[in-house]
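Visitor: Fit the two chains together into the complex; they arrive one by one in their own frames, and the hints show the way.
The chain contents come next:
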Amino acid sequence: MSDTHLPRKVAIVPCSGIGKTYGSVSREAAYDVTEDLRPEKTQLVSLAMLVLGDEGARAALAGAPAVTIDGCKLACATKMVLESGGTVTKDYAVLDVYRRYKQFKPQGIAELNEGGQQLAHALAEEIAEVVDNTLAGTEGEKNG
Amino acid sequence: MPNFLETTIDKFTFKVADDRIYTHAGVWAQVEGNRVRIGLSDFQQQRSGDVAFAEIKPVSTQLAFDDEVAVIETIKVNISLGSPVAGSVVEVNPAMTDAPEVINQDPYGIGWMAVIKADDWEADRPRLMDPQTYFAHMKSLAQEELNKG
Numbered sequence: 001m002s003d004t005h006l007p008r009k010v011a012i013v014p015c016s017g018i019g020k021t022y023g024s025v026s027r028e029a030a031y032d033v034t035e036d037l038r039p040e041k042t043q044l045v046s047l048a049m050l051v052l053g054d055e056g057a058r059a060a061l062a063g064a065p066a067v068t069i070d071g072c073k074l075a076c077a078t079k080m081v082l083e084s085g086g087t088v089t090k091d092y093a094v095l096d097v098y099r100r101y102k103q104f105k106p107q108g109i110a111e112l113n114e115g116g117q118q119l120a121h122a123l124a125e126e127i128a129e130v131v132d133n134t135l136a137g138t139e140g141e142k143n144g
Numbered sequence: 001m002p003n004f005l006e007t008t009i010d011k012f013t014f015k016v017a018d019d020r021i022y023t024h025a026g027v028w029a030q031v032e033g034n035r036v037r038i039g040l041s042d043f044q045q046q047r048s049g050d051v052a053f054a055e056i057k058p059v060s061t062q063l064a065f066d067d068e069v070a071v072i073e074t075i076k077v078n079i080s081l082g083s084p085v086a087g088s089v090v091e092v093n094p095a096m097t098d099a100p101e102v103i104n105q106d107p108y109g110i111g112w113m114a115v116i117k118a119d120d121w122e123a124d125r126p127r128l129m130d131p132q133t134y135f136a137h138m139k140s141l142a143q144e145e146l147n148k149g
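Sequence lines, in order, name chains A and B.
So the first sequence is numbered by this note's numbering: it starts at 1 and just counts up by one.
So the second sequence is numbered by this note's numbering: it starts at 1 and just counts up by one.
It is worth saying that the hints were derived from the structure and are not from the lab.
All residues carry an ideal CB built from backbone N, CA and C; glycine is no exception.
Hints may be right or wrong, so weigh each one.
Said to hold, decoys possible - List of simulated lysine-lysine pairs, BS3-like, C-alpha gap at most 30 angstroms:
#1 A:73 to B:139
#2 A:41 to A:79
#3 B:15 to A:79
#4 A:41 to A:73
#5 A:105 to B:57
#6 B:148 to B:15
#7 B:11 to A:20
#8 B:148 to B:76
#9 A:73 to B:76
#10 B:148 to A:105
#11 B:11 to B:76
#12 B:15 to B:57
#13 B:57 to A:73
Claimed, not checked - Computed list of chain B residues with no C-beta within reach of chain A, every gap over 12 angstroms:
#14 33
#15 58
#16 82
#17 121
#18 144
What the hints assert, rightly or not - For each label pair, taking beta carbons as the anchor points, the in silico distance ranges come out as:
#19 B:98 to A:109: 23 to 31 angstroms
#20 B:46 to A:137: 38 to 46 angstroms
#21 B:71 to A:74: 22 to 30 angstroms
#22 B:145 to A:74: 14 to 22 angstroms
#23 B:7 to A:132: 47 to 55 angstroms
#24 A:74 to B:133: 28 to 36 angstroms
#25 A:54 to B:98: 34 to 42 angstroms
#26 A:18 to B:77: 15 to 23 angstroms
Just chain B, with the same shape it has in the complex (with noise of 0.2 angstroms):
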């Protein structure tokens, strides 16, 4: 179980896992191995609204970093995600067909979207931001909606 980084702005309170790394776009990615599974901060789900449909791309799909990896239909926006890693997806959540839902309810469990083995895990992983520095980063996301209105 992860440890979260949690801060309150205005009534939502957002948290961020703190043993994975992420997008600037908020996309999470945990490594295992030589695979890394991925899946949407709990600030870009809240932020983006109850998701309708999930569509990951399928098993076997080649990627480069940042290739989109997921599109994401909510009822405020559409979103394409790009993949935090270059590689192969080797597994796809069988969840964001039937229940898509479980990305807003759980998004650092079992509203993960896919499993990308990696082509080489090191050379993506300093393009990715550490927990804190996401935390920060999505903080003054936050903040800048906030002063929106």
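One chain only, chain A, in its complex shape (with noise of 0.2 angstroms):
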């Protein structure tokens, strides 16, 4: 593959689960990836705008490869990006990051504690580098 056919932008769509711990880390993990980490590189997209059919959420999934970050089980972020089209490059469940980052025990809803905001940090990391994969066509995909 050339590089001119490589994707200039991967979409990043969190959980929208609002009051919830977890939704809270996948959230902040989003933002410390398009905004500090690689934010020209990544684009932000709500989960619900893309519930609600919105276009403009739609077309940035369009041609962009998605990072889920899921909060729970439902998987609510990977399965609406699958069904708008989207393909999905790395999904994350923020139960199996935390699995992983024992010493980051989150808390907290509205406003996370240290160890929630570390382990969001430690996700968003992660994504950084799947996205730079990705960008670089090193990554894999799944298909809506």
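Guide: Given below as structure tokens:
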């Protein structure tokens, strides 16, 4: 594959579980990636807008691989991206991530505790690497 | 394979296996000779949420009745579980370390937690609830939770 066929941005789609600790971790991680770690390579896409069928949100997924971050096993973010015709290059479940970073116990809802923020950042670092690999053409894909 | 007592409360369906007995806290005990296999009831696992970690007392740990045998950390709570039997831990389900989510996936099957060699099962047995009694207890707890809103 030549560079001209590679996508320029990766869509980041977090859980919209307002009022849930793990949903907050997913959103914090998404903000971290899209605003601080890889702002030039990523685009935040609102799950709520996808659920509403918003044209802009669906357009953001067209031709752009997506990284989804789910707060619970219902996996709404992943399911919605696939239903919207998007391509999931990597799907994260916050609980699985926490199992790998037991030292960062997330608590709090509107405002995460320090453990939750550290977990979100650790997840964001992982996603940043996936973004780099995806744009370099070395990460796998799951199609909707 | 056990049969199940089953009830649906609000949008949740809870099952109680009829081939074992239970503590008030929802720990089940299934006797196998002088060994007792233990795990978490379906109601208790659903009420507690997805399990992140399960720390079970290691093999050779000596327990009195109701001594802490496991600590379960879920996405909602940390719960300390008392042993339904006095005795010595002789086996711990290896999945508790590698894949504790089996507690949620199959609480009465592959989600078992440990096996305890009983000191005196006949002495402990009357302190536990038969499936029908636990079923009624569980329904009452579930209804209470529902009423809390």
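Visitor: Each of the hints needs a verdict: does it hold here or not?
Guide: Evaluation of the provided hints:
This hinted pair checks out: residue 73 of chain A and residue 139 of chain B have alpha carbons roughly 25 angstroms apart, not beyond 30 angstroms. Between residue 41 of chain A and residue 79 of chain A the alpha-carbon distance is near 23 angstroms, which keeps this suggested pair within the 30 angstroms criterion. Taking the CA atoms of residue 15 of chain B and residue 79 of chain A, the gap is near 28 angstroms; set against the 30 angstroms cutoff, the hint holds. The straight-line distance between the Cα atoms of residue 41 of chain A and residue 73 of chain A is roughly 28 angstroms, inside the 30 angstroms bound, and the hint therefore holds.
For a cut-off of 30 angstroms, the pair hint linking residue 105 of chain A to residue 57 of chain B stands: about 21 angstroms separates their Cα positions. This hinted pair checks out: residue 148 of chain B and residue 15 of chain B have alpha carbons roughly 22 angstroms apart, not beyond 30 angstroms. Between residue 11 of chain B and residue 20 of chain A, the direct Cα distance comes to roughly 19 angstroms. Compliance with the 30 angstroms bound is thereby established for this hinted pair. Annotation: proposed proximity of residue 148 of chain B to residue 76 of chain B holds, straight-line Cα distance about 17 angstroms (limit 30 angstroms).
This hinted pair checks out: residue 73 of chain A and residue 76 of chain B have alpha carbons roughly 14 angstroms apart, not beyond 30 angstroms. Our distance criterion of 30 angstroms between C-alpha atoms is met by residue 148 of chain B and residue 105 of chain A, whose separation comes to about 27 angstroms. Taking the CA atoms of residue 11 of chain B and residue 76 of chain B, the gap is about 19 angstroms. The hint holds against a cut of 30 angstroms. For the proposed pair residue 15 of chain B and residue 57 of chain B, the alpha carbon gap of about 26 angstroms is at most 30 angstroms, so the pair holds.
Restraint check: the Cα-Cα separation between residue 57 of chain B and residue 73 of chain A comes to about 28 angstroms, which is no more than 30 angstroms; the hinted pair holds. For residue 33 of chain B, the requirement that its beta carbon stay farther than 12 angstroms from each beta carbon of chain A is met, with the minimum near 35 angstroms. No Cβ of chain A comes within 12 angstroms of the Cβ of residue 58 of chain B; the nearest lies about 18 angstroms off, and the non-interface call holds. Non-interface status of residue 82 of chain B relative to chain A is upheld: no Cβ of that chain comes within 12 angstroms, the nearest being about 23 angstroms off.
The beta carbon of residue 121 of chain B sits about 35 angstroms from the closest Cβ of chain A, which is more than 12 angstroms, so the claim that it is off the interface holds. Here residue 144 of chain B stays apart from chain A, with its beta-carbon at least about 22 angstroms from theirs, past the 12 angstroms limit. Our hint of 23 to 31 angstroms for residue 98 of chain B and residue 109 of chain A holds, since their Cβ atoms are close to 30 angstroms apart. The hinted range of 38 to 46 angstroms is satisfied by residue 46 of chain B and residue 137 of chain A, whose Cβ atoms lie roughly 43 angstroms apart.
The beta-carbon spacing between residue 71 of chain B and residue 74 of chain A, approximately 26 angstroms, falls within the hinted interval of 22 to 30 angstroms. One distance hint, 14 to 22 angstroms for the beta-carbon pair residue 145 of chain B and residue 74 of chain A, holds here, with the actual separation near 20 angstroms. Distance hint check for residue 7 of chain B and residue 132 of chain A: the Cβ-Cβ separation is about 51 angstroms, which falls inside the suggested range of 47 to 55 angstroms. Between residue 74 of chain A and residue 133 of chain B the CB atoms are about 34 angstroms apart, so this pair conforms to the stated range of 28 to 36 angstroms.
A hinted range of 34 to 42 angstroms holds for the C-beta pair residue 54 of chain A and residue 98 of chain B, which are about 41 angstroms apart. Taken as a hint, the range 15 to 23 angstroms holds for the pair residue 18 of chain A and residue 77 of chain B, whose Cβ atoms sit roughly 20 angstroms apart.
In summary, the structure agrees with every hint in the numbered list given earlier.
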